[in-house]
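For the record, the sequence lines run as chains A and B.
The numbers in the first sequence follow numbering that gives the first Met the number 0, run straight up by one, and end at 199.
The numbers in the second sequence follow numbering that gives the first Met the number 0, run straight up by one, and end at 199.
It cannot be assumed that every hint is accurate.
Pairs count within a copy or across copies, as identical chains cannot be separated in the list.
Here are the computed lysine-lysine pairs in the DSS-like style, where the Cα-Cα straight-line distance is at most 27 Å [unchecked claim]:
{"#": "1", "residue 1": "Lys52", "residue 2": "Lys22"}
{"#": "2", "residue 1": "Lys37", "residue 2": "Lys22"}
{"#": "3", "residue 1": "Lys22", "residue 2": "Lys165"}
{"#": "4", "residue 1": "Lys41", "residue 2": "Lys52"}
{"#": "5", "residue 1": "Lys37", "residue 2": "Lys161"}
{"#": "6", "residue 1": "Lys100", "residue 2": "Lys22"}
Derived from the structure by calculation, the hints contain no laboratory data.
There are 2 protein chains.
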Amino acid sequence: MSFSPLIVQLMDSLQCLPGVGPKSAQRMMLHLLERDRKGAFKLSEALQQAAEKVGHCQRCRTLTESDICEICSDPRRDAGLVCVVETPADVLAIEQAGGFKGHYFVLMGHLSPIDGIGPEDIGIDQLLAQVEGDEVQEVILATNPTVEGEATAHYIAASLRKLGVKVSRIAHGVPLGGELEYIDGGTLMHAFAGRRELVD
Amino acid sequence: MSFSPLIVQLMDSLQCLPGVGPKSAQRMMLHLLERDRKGAFKLSEALQQAAEKVGHCQRCRTLTESDICEICSDPRRDAGLVCVVETPADVLAIEQAGGFKGHYFVLMGHLSPIDGIGPEDIGIDQLLAQVEGDEVQEVILATNPTVEGEATAHYIAASLRKLGVKVSRIAHGVPLGGELEYIDGGTLMHAFAGRRELVD
Ligand SMILES: [Zn+2]
Ligand SMILES: [Zn+2]
Numbered sequence: 000m001s002f003s004p005l006i007v008q009l010m011d012s013l014q015c016l017p018g019v020g021p022k023s024a025q026r027m028m029l030h031l032l033e034r035d036r037k038g039a040f041k042l043s044e045a046l047q048q049a050a051e052k053v054g055h056c057q058r059c060r061t062l063t064e065s066d067i068c069e070i071c072s073d074p075r076r077d078a079g080l081v082c083v084v085e086t087p088a089d090v091l092a093i094e095q096a097g098g099f100k101g102h103y104f105v106l107m108g109h110l111s112p113i114d115g116i117g118p119e120d121i122g123i124d125q126l127l128a129q130v131e132g133d134e135v136q137e138v139i140l141a142t143n144p145t146v147e148g149e150a151t152a153h154y155i156a157a158s159l160r161k162l163g164v165k166v167s168r169i170a171h172g173v174p175l176g177g178e179l180e181y182i183d184g185g186t187l188m189h190a191f192a193g194r195r196e197l198v199d
Numbered sequence: 000m001s002f003s004p005l006i007v008q009l010m011d012s013l014q015c016l017p018g019v020g021p022k023s024a025q026r027m028m029l030h031l032l033e034r035d036r037k038g039a040f041k042l043s044e045a046l047q048q049a050a051e052k053v054g055h056c057q058r059c060r061t062l063t064e065s066d067i068c069e070i071c072s073d074p075r076r077d078a079g080l081v082c083v084v085e086t087p088a089d090v091l092a093i094e095q096a097g098g099f100k101g102h103y104f105v106l107m108g109h110l111s112p113i114d115g116i117g118p119e120d121i122g123i124d125q126l127l128a129q130v131e132g133d134e135v136q137e138v139i140l141a142t143n144p145t146v147e148g149e150a151t152a153h154y155i156a157a158s159l160r161k162l163g164v165k166v167s168r169i170a171h172g173v174p175l176g177g178e179l180e181y182i183d184g185g186t187l188m189h190a191f192a193g194r195r196e197l198v199d
């Protein structure tokens, strides 16, 4: 014996979610069915709507249900400055930090030859076409400081340089408020390599 | 700026789930929309079906989409022995331990005067009516060994004794403060074997 078929189906489906195993799925099922049916219907509807309607911005590739996302269609933002990131979550992080008022280009991943993910899979042709066609002054590469993120940044930088556009990489180093003794060696080496002269 | 409306709605709805905060909701949203749309549709459908069709067994009150659950309608099980538990998860834990071949009665909670949960809310009238009407020989109280679970067990024991039925409480092995659904099968079986009749 176990739970009834619809309950088993619900617990199985909840395990599609990252970080949700059998025990959490059971806890979620009991919570929804015993205490929050309204939440269950709401989540069902939200999943269906999003999975059906959310696509990618035709310009920056971020996730959105519009053809062109809110940022790309905002006339107050500087289309001459494009920040390249790996995921929509990176866009959100940068927006929440405030200060950047240019456009984005969202790779939706990074180069990973071992997984068969090449330049065309992360939209690099599209990025090059946009830089070539529009008046882009600078492309800021903000891929993650991981092996794949660095490789992706280098590949994009090499491709863009042929177009004569300015290409920069966000600085990596000791985070503000961080204490040197707790920072990993790789980050410290980045911080040293990226040192800048202090001038008055 | 943040995510588009349908994405925000999805992240909000995911936070209906216990243990899911803004960060996990974002991670789940990205996973579903970037890598597992099929999973999103499947989960949407499973939620809708379960929230719409799952009710309570008319006999034992457990969660099921049938009028009478699988256990209650199994002629091989002993209807003369009824185990009272707090939740459907407890039924599953006892079934997985194996060995118990009676029926269950699922309170779907416990007495909690502070939350306004009285005997009628946990189906005690229904339990008494069943014990009175059927040939029940023994009722095993397997509520959790918590303050509320103990209070609930004592209340039920007092009510049942008036009907002259044998009442026992599982005893050995279940650690105080522990919750039944997280106890291993061997310990649970010890608890059943070591049950003692409650006498005043
Ligand atoms: Zn866009
Ligand atoms: Zn039943």
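Outcome of the hint check:
1. Proximity of lysine 52 and lysine 22 under a CA criterion of 27 Å is satisfied inter-copy only: 23 Å between copies versus 31 Å inside one chain copy.
2. With identical chains, the CA atoms of lysine 37 and lysine 22 are at most 27 Å apart both within one copy (22 Å) and between copies (22 Å).
3. Taking identical chains as interchangeable, the C-alpha atoms of lysine 22 and lysine 165 are never at most 27 Å apart, the minima being 51 Å within one chain and 34 Å between chains.
4. In the homo-oligomer, the alpha carbons of lysine 41 and lysine 52 lie at most 27 Å apart both inside one protomer (16 Å) and across protomers (16 Å), since each shortest distance falls under that limit.
5. In this assembly of identical chains, lysine 37 and lysine 161 lie within 27 Å of each other by CA distance neither inside one copy nor across copies; the values are 56 Å within and 40 Å between.
6. In this assembly of identical chains, lysine 100 and lysine 22 lie within 27 Å of each other by CA distance solely across copies; the values are 24 Å between and 44 Å within a copy.
Against the hints set out earlier in the document, violations occur for numbers 3 and 5.
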